[in-house]
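Chains as they are written, first to last, in the working numbering: chain A, 29 to 361; chain B, 14 to 341; chain C, 2 to 412.
To be clear, the hints were calculated from the coordinates, so they are not data collected in a lab. Ideal Cβ positions, reconstructed from N, Cα and C, are used throughout, including at glycine. Check the hints yourself; a few may be wrong.
To be verified - Distance windows between CB atoms, simulated:
no. : chain 1 : residue 1 : chain 2 : residue 2 : range
1   : C       : R123      : B       : D245      : 56 to 64 Å
2   : C       : Q241      : A       : Q359      : 51 to 59 Å
3   : A       : G188      : C       : A156      : 58 to 66 Å
4   : C       : D258      : B       : D245      : 53 to 61 Å
What the hints assert, rightly or not - Pulled from the structure, derived: some chain A residues nowhere near chain C, Cβ distances all over 10 Å:
no. : residue
5   : E64
6   : T69
7   : G73
8   : G112
9   : A117
10  : Q226
11  : A285
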Amino acid sequence: MKKTQSKSKFPVSKAEGKRLLHQMQLIRRFEEKSAEVYTETKIRGFLHLYVGEEAVAVGVMQALKEEDYILSTYREHGHALARGMDPGAIMAEMYGKVEGCAMGRGGSMHLFDKNIHFYGGNAIVGGHLPMAVGMALASKKQGKKNVTCCFFGEGAAAEGEFHESMNLAALWDAPVLFLCENNLYAMGTALEYTHSEQQLEKKGPTYGIETATVNGMDLLEVMKAAQKAVDYIRETGKPYFLVCYTYRFRAHSMFDAELYRDKAEVEEWKKQDPIPQFKKYLLKEQLITEKEIASLEEAVEKEVAAAVDFAENGTWEPIEDLCRFVYSENQEP
Amino acid sequence: MSKMKTITYREALKSAIREALQKDERVFLMGEDVGHYGGAFAVSKGLLKEFGPGRIMDVPLSESGFTGAGIGAALAGMRPIVEIMTVNFSLLAMDQIINNAATLLHMSGGQLNVPVVIRMGCGIGRQLAAQHSHSWEPFYAHVPGINVLAVGTHEDARGMLLTALESPDPVILFEYTSMLNLEAEIIEDAGAVDICKAKVRREGIDLSLITYGTGVYKSLEAAEVLSKDGMDIEVIDLRVLRPLDEETFLTSIAKTHKALVVEDAWKSVSISSEISARIMEKAFFELDLPVERLCGVEVPIPYPKHLEDASVPQVQDIVEKVRKILKP
Amino acid sequence: MISFKMPSLGADMEDGTLVEWRKQPGDLLKRGDIIADVDTQKGLIEIEFFGEGILEKHLVAEGEKIPVGTVMALIRGESDEITEEIPQENIPDQEKMVEPAKVEEGKIKVPVASPQKAGGERVRISPLAKKIAEAHQLDISKISGTGPDGAIVKADIDKCLREGQEKKAKAKTDPIVTEPRYEPESKLAIPESEAIRKAVAAAMSRSNQDIPHYYLEKRIDFSKAMLWLKEANKERSVQQRLLPVALMIKAVAKALDDVPDLNAVWEDGLERKNEINIGFVVSLRTGGIMLPAILNADTLSVDGIMERLNDLIPRARAFKLRSSELSKSTFTITSIGEGGADKVYGVIYPPQVGIVGFGEIRDEAIVAEGMIGIKPVVDVTLAADHRATDGLIGSKFLASLNKYLQNPENL
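Model the full assembly from the supplied sequences, consistent with the hints where possible.
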C-alpha cells in the first residue's frame with residue numbers, strides 16, 4: 029500500500045467538505061435504518077450493508093462525470109446514494125413498492141437507474157465484470173469519452189470472469205475502471221483462504237493494466253486515487269485497476285453470526301472509521317464547525333426518515349402485472 | 014415399530030454429511046463458506062472443527078474451478094462432496110458438470126467414471142429476487158450421464174447423500190433452503206435410502222398429484238385439505254428426476270386415471286413437460302382427463318412477497334386446481 | 002413505551018434462544034447498543050437496539066427460545082411515563098401482505114368444436130372412456146359427456162353400462178356376439194370391418210340355425226384368484242401385470258384337459274382335438290368381433306398367456322392377425338371385463354362344441370362354510386352343443402373349472 033502524507037494538501041472547499049460529509053453520513057444512517065426496518069420484516073431477502081466502506085463510494089463518485097457508466101455489486105446502496113439516486117426510491121425498492129427505483133422488482137440487491145447511468149445491483153459475484161467491458165467497448169466504438177466504473181469485491185477476483193474481463197479490457201483497450209473494494213472477506217471466508225496471491229494489485233500488471241492501491245478508509249486518499257485513475261482512462265482510453273483496502277463493520281448480510289472474524293479485529297478497524305476521520309480533518313482545517321456537523325446530522329436524519337415514509341406510503345404492484353418486463357413493451361430498442 | 018425422532022431438514026443434511034465423512038476417508042466437503050463461515054445456510058456449521066480443513070475445504074468464489082476440481086478428484090479416486098452454495102451459481106459450473114462430469118464415461122468408452130456428488134441449495138420463497146431464485150432441476154435433468162435427485166423430505170435429506178456417494182457416476186442433489194428449519198419426524202436410526210425410485214407419499218384413488226422438492230409437503234398439505242371434501246388424492250414424490258422412475262407414476266395413473274403435476278420451475282420445457290409426455294406415451298388409454306400442470310409462472314422471480322408468491326404454486330393453488338379438475 | 006421484539010434477521014430465521022441480556026432494567030440504551038445475545042441456527046448473534054431509551058423490563062428469560070416478533074423487553078422512551086403496562090398479546094407479528102391472488106397465465110384456448118355427433122363428427126372422449134366403451138362395444142355417439150367441454154369421461158361410460166345392464170337384466174339372455182352394432186361412418190374408414198361383420202353374421206346365423214345349444218351356469222368364488230393375482234402383480238412391472246382373463250384362460254384350458262369332449266368339433270360326429278387352442282372374443286372398435294386363438298394354452302404359464310394376449314389383442318384390433326391364429330381355435334371364451342354385464346351367454350362358434358362366458362367380477366354376498374361374506378364372484382356360463390355332449394359333461398367341466406380357480410397357485 030502506498031503511504032502518502034498529502035491528505036491536508038488536497039484542496040477541499042467548505043461547501044465541498046460539507047457535501048462529502050453529508051454523503052457519507054447519509055449512507056451510514058440509511059444503512060443503519062435499513063437494518064432496523066429489516067428486523068421489523070419491512071425489508072426481506074438478503075440485505076448487504078455498506079457501513080464502514082462509505083469513503084470508497086463517495087470518493088470514487090467524485091471523479092466520475094454524469095455521462096460515465098457505473099456497475100455495482102449486491103452491496104450497492106452506498107454507490108447508488110453517492111451517485112445521487114433518490115434515497116426514497118432506494119428504500120421503496122427495498123420495501124418492494126412500485127415507487128422503488130426498479131418498481132420493487134429487484135429489491136436490495138438490484139438497484140437500477142438508467143437516468144444516472146447506474147446499471148445495478150448485480151447479485152452473481154463477478155457476473156457484471158464482462159458486461160462492464162462490453163459497455164466500455166461500446167463507448168469506444170461510438171467515439172464517446174465516458175468511463176465505465178465497475179465496483180466489485182475481492183471475492184470476485186477469484187472468479188474466472190475477473191481474469192477474462194481484465195484480459196479482454198486490456199486486449200481491446202476498453203476504458204474501464206476496475207474498482208476492487210477489498211474488505212478482506214468474501215462473505216465469511218478470509219482472503220487468505222481464497223487467494224494464493226493476496227496482494228490483488230499484483231494481478232493488474234500481468235494483464236498490462238495500469239494499477240494502484242489506496243487506503244479505502246480515507247476519503248481524500250480515495251478521491252485522489254480515483255481522480256488519477258479516471259484521468260488516465262480518459263486520456264489513454266485504456267483500463268485501470270484500483271484496489272481500495274476497506275472493511276465492513278457490520279455482518280456480511282443480516283443473518284450472519286460472524287463466526288469467521290474476531291470482535292477485536294472489527295474494533296481495530298473501527299478506529300479508522302472514515303466518517304469521524306473526515307470530520308476531524310474538516311474541523312482541523314476549519315472547514316466546518318461542531319454546530320454545522322450537528323445540523324448536518326439532523327438533516328440526514330430527516331432525509332432518512334423521509335425515505336422510510338416514502339417507502340411506507342408506497343403502493344404494491346397489482347398481481348395482474350406479474351408478467352410484465354419479460355419481453356420489452358416498447359418495441360424500439 | 015421403529016422409534017421416531019424430530020429433526021430439522023438442516024440437521025438431517027448435516028448428519029448425513031457427518032456420517033459420510035466418518036464412514037469413508039476418501040470423502041471430503043468442498044465449497045464456498047462451508048468452513049469458517051459455517052456454511053451459507055449453516056448446514057456445515059461445526060464440521061470444520063470436527064474434521065479439520067483437510068476435509069472441510071473453504072474454496073474461493075470460483076464455481077467452475079472448484080467444481081471442476083471436485084470432478085478431477087473423483088476421477089482420481091476421492092469421493093468429494095462439492096457444495097455449490099446455491100443453484101444460481103451452478104450456472105458458472107455448468108460447463109464442468111455437463112462437459113466433463115456427464116460425458117467422461119462415455120467419451121472414454123467406459124473407462125473413466127466420475128463418482129462426484131454435487132449438492133446445491135435451491136428453491137424459491139425467501140424474496141431473493143430474480144438472480145437468486147432459480148429452479149434449474151429441469152436443466153440438469155435434461156443431461157444424460159448424471160443422476161439428479163430432489164431432496165423433498167427429511168427422510169431423503171438424511172439418506173440420499175449416503176447412497177449418492179456409493180454411485181459410480183455423478184449425482185446432483187437439490188436441497189431446498191426454504192425447508193431448512195422445518196421439523197419433521199423420521200425413524201431414529203434413519204440412514205441411506207434408495208436413489209432410483211419415486212415414492213407414493215400418500216395413497217389415494219381420485220387423482221395422482223405428481224411433484225418433487227418443495228412440492229411434496231405442499232401437495233401433502235393440499236391433499237389433507239381436499240380429503241375433507243371427500244377427495245382422495247395420491248401424492249407422488251418423484252425424488253429422482255433423472256433417470257425418471259416411470260413405473261411409479263404410471264401405476265398410479267392406471268389407478269386414478271387423472272394427473273396433476275406440480276413444480277416451481279417454469280412450465281415450458283420442465284420436469285412436468287416430461288412427465289406429461291411420458292404419461293401420454295405410455296398410459297394414454299388410462300387417462301380420463303388431460304394431464305394438468307401447475308408450474309412456475311414464466312417470469313424472472315420478482316422481489317416483493319406478493320409477486321413472488323404469485324409466481325410459484327402455493328398450497329391453496331393446488332387445492333383449487335384439484336377441485337377444478339375433479340368437480341368442474 | 003417501546004416494545005423490543007425478537008428481530009427477524011432473515012426469512013430463514015424463525016426463532017432464537019435468548020442466551021444473555023446484555024442490558025438490565027434501568028440501563029440507558031443508545032442507538033447501536035447490543036441489548037442481548039441470541040443463539041440461532043447460524044450461531045450466536047448480538048442483537049442491536051436502534052432507538053434510545055431506558056430499559057424498563059425484561060419479558061423473556063435467559064434460555065428461552067422464542068419466535069421472531071415476540072416482545073422481549075419494554076423500553077421507556079424519553080416521552081414515556083413510567084408505567085407497568087405490558088403488551089396485551091405477546092405474539093409475533095403476522096406478515097401483513099397483499100392478499101395473494103393468482104395471475105391467469107396467458108391462455109391460448111384450443112378452439113373447441115361443440116361435440117356434434119350426428120354428422121359423423123369427432124366425438125370428444127377421454128382415452129380411458131374410449132377404451133372401456135370399446136371393450137363393451139358401446140356406441141359413443143349416443144353417450145352424452147359431462148367432462149371438460151362436454152367430453153365423455155369414465156363416469157359417463159359407467160352410467161351408460163349401469164343403465165344397459167338394467168335393460169339386459171330384464172331381457173335375461175342376451176348373447177352379445179349376435180347383436181351387431183353397425184357404425185356406418187366407420188365402414189368408409191376401415192373397409193375390413195365390413196367383411197368382418199359379414200363373417201360374424203354368417204357364422205352366428207349358422208350357429209343359431211344348426212346348433213342346439215344348452216346352457217349351464219355357475220357362480221364361482223373369485224376371491225382366491227384375485228388374491229393370487231394381487232400377490233403375483235406385486236413383483237411385476239406395469240407392462241407385465243397379469244389380468245384376470247389370463248387366469249381364466251389357463252383354468253379353462255386345464256378344465257378342457259379334464260373334460261376333453263368339449264375340446265372338440267362336430268362335423269357329423271364328435272371329433273376331439275389334440276391341441277387345446279383357446280379362442281377368445283376380441284371386440285373391435287368398428288363393431289364386430291375377432292376370435293384369435295392362444296395355441297396350446299394348457300402348456301403355457303399364466304405369464305405366457307398374458308404375453309400372448311398383450312401381443313394378440315392390439316394386432317386383432319389392427320387387423321394384423323395371421324390366419325393360423327384365427328382358424329385354429331378349438332374352444333372359445335368370452336369375457337365381459339370390468340364394468341360390464343353380470344353374465345354372458347355365448348353363441349358357439351361352429352364347428353366347435355362349446356363356449357364359456359365370464360361375466361363381470363363383482364362383490365356379492367355369498368355363503369361359505371355356513372357364513373355369509375362379501376366376496377368377489379364371477380358368474381360363468383357354458384353354452385354347449387347338445388349334439389356333442391349332455392348337461393352332465395358340461396356340469397363336470399364347470400366343476401373342474403371351479404376347482405382350478407380355487408387353487409390358482411397350481412395353474
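Results for each hint:
In this structure the hint that R123/C and D245/B lie 56 to 64 Å apart at CB is violated, the actual value being about 33 Å. The given range of 51 to 59 Å is respected by Q241/C and Q359/A, whose C-beta atoms sit roughly 57 Å from each other. A hinted range of 58 to 66 Å for the beta carbons of G188/A and A156/C is consistent with their spacing of about 60 Å. Between D258/C and D245/B the C-beta distance comes to about 44 Å, which lies outside the given range of 53 to 61 Å.
Against the 10 Å criterion, E64/A falls within the reach of chain C, whose nearest CB is about 4 Å from its own CB. A cut-off of 10 Å between C-beta atoms contradicts the statement that T69/A is not in contact with chain C; the least separation is 5 Å. Not every beta carbon of chain C lies more than 10 Å from that of G73/A, the smallest distance being close to 7 Å; the non-interface claim is violated. With a minimum CB-CB distance of about 26 Å to chain C, G112/A clears the 10 Å threshold, and the non-interface call stands.
The Cβ of A117/A lies farther than 10 Å from every Cβ of chain C, with a closest approach of about 21 Å, so its non-interface assignment holds. For Q226/A, the shortest C-beta to C-beta distance to chain C comes to about 26 Å, beyond the 10 Å cut-off, and the non-interface label holds. The claim that A285/A lies off the interface is violated: its Cβ sits roughly 3 Å from the closest Cβ of chain C, which falls inside the 10 Å cut-off.
This entry does not satisfy hints 1, 4, 5, 6, 7 and 11, going by the numbered hints stated previously.
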